[in-house]
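Going by full-length UniProt numbering, the residue at position 163 of the sequence shown is 163; the numbering climbs one at a time, nothing skipped.
Among the hints, erroneous ones may be present.
Said to hold, decoys possible - Straight-line alpha carbon distances no greater than 25 Å define the calculated DSS-like cross-link-like pairs of lysine-lysine that follow:
(1) 376 x 326
(2) 283 x 326
(3) 454 x 326
(4) 376 x 283
Calculated directly from the structure, the hints in this document are not laboratory data.
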Amino acid sequence: MKVRVRGIYTTALTRVFLDAGHDVVQASPPIQERFDAEFDSSDHDVSVETTRNRQGVGVTGTSDAVATATDELCALGIDTFAWDDPAPKGAVFDARVTETLGGGAVCDLGETDGYLSYGDIDGRVEVGDEVRVQVSGSAPPWASRRAELTGDIRAIAGLATLEPDTEGVRVDTRDEAAARELAGMTDLLGGDPPDGWGIRWHRDAVDADMGALNDALDRAAEVAAELDAVFDDPVDAPRAVAAPTAANWVWFGRETRFELDEYRRAVETTMPGHHRTKAASPKASAGVDLAEALCASVGDGEFPFDVVTAQFGPLDGDDVKIGHGKPDGRLITLGSGEVAEYDPEGTIEVRRGMTGGGTYDALGVDRESGDVAVTKFREGRWWYPTVYRSSEGEVKGTYVNICTPVECFPDQIRYIDLHVDVVKHTDGTVERVDDDELDEAVEAGHISAELAEKARSVASSLESALAE
């Protein structure tokens, strides 16, 4: 069977399922790096995902695959328990409203009940009303919440979901180019959704091949056909109307968690009690990741920039502010930008879109709307360069700021400005500026003589380097 795994148990369970001869698909980048195995992007038969409180996993998919995966998990330890889910995600029920609350209604589904938010159903419902609903979010038996219900019924099937009374193709991704490409590829697929159903591709579909997309669309079409067959049936609550997928909940006990540690240890550095600690809270989980990454790094006495940044940021796509500290104690924020490139060796490239008005300091060039500032910060370096470009990509000049050693915190780049700077004009001219401001800061007692000498030395080195 094909298994998709997500959550804090992913590395260990990937090892478990691979050892059992199953295929793990849609593997995350860390898993692909850790295992000497081939992972394809095909659709899955079963999904195994950590529960919200980290106590176990939810197992969702076809009936046979769910049963097989559950057996594999239960064999891990004597204190593992498993329960069938009477209301798996995607299941359709005729429900009877038994209680109305401030924001929604409690509904009897037959074997269990669920919660229907008023915002997820057309019109107000009252006690005794019968409505057709779908499970949009299931809940393990040890959770205090009920299954979440909606009146919007869709055909949910792995990489694809079909939505009734809609047209066209939607893609759940922020990458507009990838979304357009996938939407275009959809026209080339062999299968078609039933009439009246629109296609919604999930994020993982962006990386899937044509075969996987075809399979996903076929599965979704089968589910849609099953739902089509019952849409016109009269509501007769409480009863189960359709159950396209099966689901089990698996709770891991302490012995099982330690057994999972052994599976993970065969692949990656793993502290004793790894899963026991991670199950405690998100903060504890982040602490485990940091501790293990530090243990795995080379003990050369250098600050482990890659380890710390990988855990807390900033990484590609993050937004960071530039905290431009002044020697007199003030903090000026030079706007914020997006991390366009992250280098584990210590460099963060930040790109900012500029607004029009005025000129760039020391460069004497007009600041125009559409300009882009590309700044490269390197952790621990006494300077950083910013290249200004026009909207057409033409260089307008380079400004190199001399500062105390740069620190790249998760949400802000931080340093103290040392006044003296070096600029390079578009004609190649290199100019050193603001030495007088550095002298004034020394006289005012804001910068020590030793620090000022360091700033001048850095500026001199940069002058020579930029002039070459």
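In rising order, the numbers of the hints this structure does not comply with: Of the numbered hints given earlier, those the structure breaks are 2, 4, listed in rising order.
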